[in-house]
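Following the hints, complete the assembly by docking chain B onto the known chain A.
Protein chains: 2
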Amino acid sequence: MLGAARRTARTTALAPARRTLATEHSPPTRFASATVFPDEPSHPTVLSDSVPGSRSRQASQLIGEFQDPRAHVLVADYAKSKGNYLTDVDGNQHLDVFAQIASIAIGYNHPDLIELAKTDEFAVASMNRPALGSFPGADWAETIQKGLLTVAPKGVPHLFTQMDGSGANEGALKAAFMAYRARERKEAGVEDFTAEEMSSVMNNAKPGSPELVAMSFKSGFHGRLFGSLSLTRSKAIHKLDIPAFDWPAVSWPSIKYPLDEYASENAEAEARTIARVEETIVEWAKRGKKVAALIVEPVQAEGGDNHASPSFFKALRTLTREHGVFMIVDEVQTGVGATGSFWAHEKWQLDHPPDFVTFSKKMQAAGYYHAESTRPSLPYRNYNTWMGSPAIAMQAREIISFVKAHGLVQHTAVIGSELYSSLEALARRFPGMVTNLRGKDHGTFIAWDAESPAQRDQFVAAMRQQGVIMGGCGERAIRLRPMLIFGDKQMEVLLGKMEGVLTTLAGK
Amino acid sequence: MLGAARRTARTTALAPARRTLATEHSPPTRFASATVFPDEPSHPTVLSDSVPGSRSRQASQLIGEFQDPRAHVLVADYAKSKGNYLTDVDGNQHLDVFAQIASIAIGYNHPDLIELAKTDEFAVASMNRPALGSFPGADWAETIQKGLLTVAPKGVPHLFTQMDGSGANEGALKAAFMAYRARERKEAGVEDFTAEEMSSVMNNAKPGSPELVAMSFKSGFHGRLFGSLSLTRSKAIHKLDIPAFDWPAVSWPSIKYPLDEYASENAEAEARTIARVEETIVEWAKRGKKVAALIVEPVQAEGGDNHASPSFFKALRTLTREHGVFMIVDEVQTGVGATGSFWAHEKWQLDHPPDFVTFSKKMQAAGYYHAESTRPSLPYRNYNTWMGSPAIAMQAREIISFVKAHGLVQHTAVIGSELYSSLEALARRFPGMVTNLRGKDHGTFIAWDAESPAQRDQFVAAMRQQGVIMGGCGERAIRLRPMLIFGDKQMEVLLGKMEGVLTTLAGK
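Those protein sequences? They're chains A and B, same order as listed. Residue numbering for the first sequence follows numbering that gives the first Met the number 0, starting at 0 and increasing by one per position. Residue numbering for the second sequence follows numbering that gives the first Met the number 0, starting at 0 and increasing by one per position.
Honestly, I wouldn't trust all of these hints.
The list makes no distinction among identical chains, and a pair is therefore deemed to hold if it is satisfied within one copy or across any two copies.
With a Cα cut of at most 25 Å, we get these calculated DMTMM-like pairs of lysine to aspartate or glutamate [claimed, not checked]: (1) K289 x D191; (2) K313 x E267; (3) K153 x E64; (4) K217 x D191; (5) K255 x E450; (6) K81 x D138.
These aren't lab readings, by the way, just hints derived from the structure by calculation.
Isolated chain A, as found in the complex (with noise of 0.2 Å):
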């Protein structure tokens, strides 16, 4: 593959130690772009002068005049832009992995997406929303068992749709809480609500509004709203000046990679984190708060791409059964494949499944998966307006549909192993440049760390000169997300700019 005829002039071949040993195991799948994007480009071509390009900066300008554009990265054409590649409005051409913030899973212009915008089903669909709590559309359940349903995680079949990730989460905290609520009511043998909760709750007061609260992981992102802001412990930009619920916050592992060379070490780092969640849980509780939920992302993304054992999930699943606690499994951005199997939980092997497991981004629909028993009392409990959109729906389905028939989850899996040890064979000809690499065994969920902030920037924005958008995470890391039809020719191009950039990078 790395000696393909369309390799550029400016780089020369990697030899990686491991590429080998994925087509000596034969894999499942492997899909090749090009047969669904026939005219996707081979290689990215970059013709401003700069990214952005004039024409750009000209129409980030245009926006500026009534929002914010200054974290825009470069004004796109998207009816240009083809599979793995966004074209700018300059007539650049990007192999993207970072696919607008990890969203989008089956390329640019599908053709299976394209055919479904133009039905009839799904123009009635988008011009007529619904309130769908109270009236669903005839083909509502249909959409949802052909789509959604059929990548139900294990154990928790029920769906609530919501309109983004943050909403999905939120949604799956109060339907936490109101389980929590629930339980204690009914070990307390009460029926009702009381009158002092009809009544104090209107005052935004205990006991109707409760002292319990949720916990998270330090690093850890669950969205931009008030309580999922209150969860999410990034970056202080992100949380600046927005009050925020008093909820506490457990350190993530400190975790050393590659994790099998510190399996020893990791192991007692996430057995003090596990001691740290139970000693918090405790602490809480005897403060008169509670800890009702607790929400974990299986690999902490934009916090920095943190990973942690198998094990470690399983022994917070078992605490937080011990204490009661709900276990909610953030996959906003973990799932719908990218780390090769659907479901990031899934490589945990889980006795028993979490009570919520989130999702939105790639899979365009967002909401949250349980098991009916979390299903609240009464209706109007969880209840909104849109609860979601039958049309972004349908886009899951199809979205669905297509990775199932392509296998893309299993060539992501292969795809990703051998990225990975590419990447491998670079961190050792660039150390320090490409450091902490991690992600291994999870797709291509990728990242690495540079050796400080700036030089991370400074990676980004030359490979971005190259052509290649990619994006950074937590304090120096840059992080893969390129879609599910990442292959191998995308595979060549990106670890060719790579290394041409690091190449030039090194020698300054």
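Below, chain B alone, put in the same frame as chain A:
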């Protein structure tokens, strides 16, 4: 109008007292939905034994296998619905004056929207959803400039798009908190965040997570997420068991209807409320909890369609300015023409615009308008992956364009005025059953009280059996939320059916 041929046999003509007024003033426009929906039914048809019919009940049961069906009214057949009429899976055709909880602006399957749905533009936007804050599309500025910006309320020409009404309110609230702290810093001569702020915020503690509070009104509704739900004070069932911020709320003035009959009593009630708002701002500041923002609906909708006079809102604006409190006008339900002006707050003729105006529902797109001065100090502070949806912004553009081209705001003002007069006549004929009629000069945004919650429910249920979908609100109110294409024909049907049902219920 009321003598029209299509009048059903079961009802007799009303003689509304002030019917002639509108024509005397030669209404600027009057829209007939048949011009756009030639196949729209002329009257409701109920084929099933009851509503919901057996097919609706079966379809609900199917949905119930994965999602809470207990708030279902019926299961709809959106493909067959037209204009003001919603068809259900039993083939019943309902005149819909609830419109998906006030969320359908220009009718089911509006030809312009269906046409938009089939365009390449809409397909590309739907299927390539960007991370809008970083990779906006080439057409984003134009979509907004030709759509949402053309109806930007006076004084708030900037826009932040979100996913739904709850998110819109929370986004505005975040911007208000940031602007409040920015002003405090400026006044204190502080340039940047302090080290203490940067570290404390990661623990959700002050000073980084400030003790600032947001204020709302009792019986107000502002959404269902953790921040917006803390503002919401409509019903206990919305809030029970969910932790809430310790934020203040003041009672809505005890208004008597009709407003003009009780002008002096109402003015006194409003003055008392204004005084209470000021006391609360002062009292809470003394406790270290400064009120940074106040949120208010022009008409408290979910909470019971509670009105107040323009003077009340003017006084609120004066007061909030005096105390440096940011004023958020929540137009999620009142916006987009239903009250006979595009924004309900236009009627107040404020000398100084509100700081934030939020919208969603009939706009389909959601977000908030604001002044440039409340753009956060740094990028990524108010930011999220999707930040709304370009496809839905196109939908908003088409809705706005149709509303303008057909003068639907003025149309709704005229129709609403006639409807109000006819309802006054009904109220006189059925005293007790139709009381506290309200919404004069508020387009079709009209409501009244039944004698009791049970009688309200009985009335709504009886109307449903007649093929008219209406909504309740507050304790015992019925609210009208027809679309902007609700015209003479539909008014005739509505009044006829109401007269029939009231006559039957009165005879019991």
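(message) At most 25 Å between alpha carbons: which applies to K217 and D191, within, between, both or neither?
(response) between (37 Å within a copy, 24 Å between copies)
(request) Since the copies are identical, ignore which copy is meant and state whether K81 and D138 lie within 25 Å (CA to CA) inside a copy, between copies, both or neither. (result) Result: close only across copies, 17 Å inter versus 31 Å intra.
(message) Within, between, both or neither: how does the pair K255, E450 come out at a Cα-Cα threshold of 25 Å?
(response) Result: close within a single copy only, 16 Å intra versus 69 Å inter.
(request) Have a look at K153 and E64 and pick one of within, between, both or neither, based on CA distance no larger than 25 Å. (result) For K153 and E64, the Cα distance is within 25 Å only across copies (16 Å; inside one copy 48 Å).
(request) Up to 25 Å between alpha-carbons, please classify K313 paired with E267: within, between, both or neither. (result) within (15 Å within a copy, 63 Å between copies)
(message) Treating 25 Å as the Cα threshold, decide for K289 and D191: within, between, both or neither.
(response) within (21 Å within a copy, 36 Å between copies)
In terms of the numbered hints stated before, the structure departs from none.
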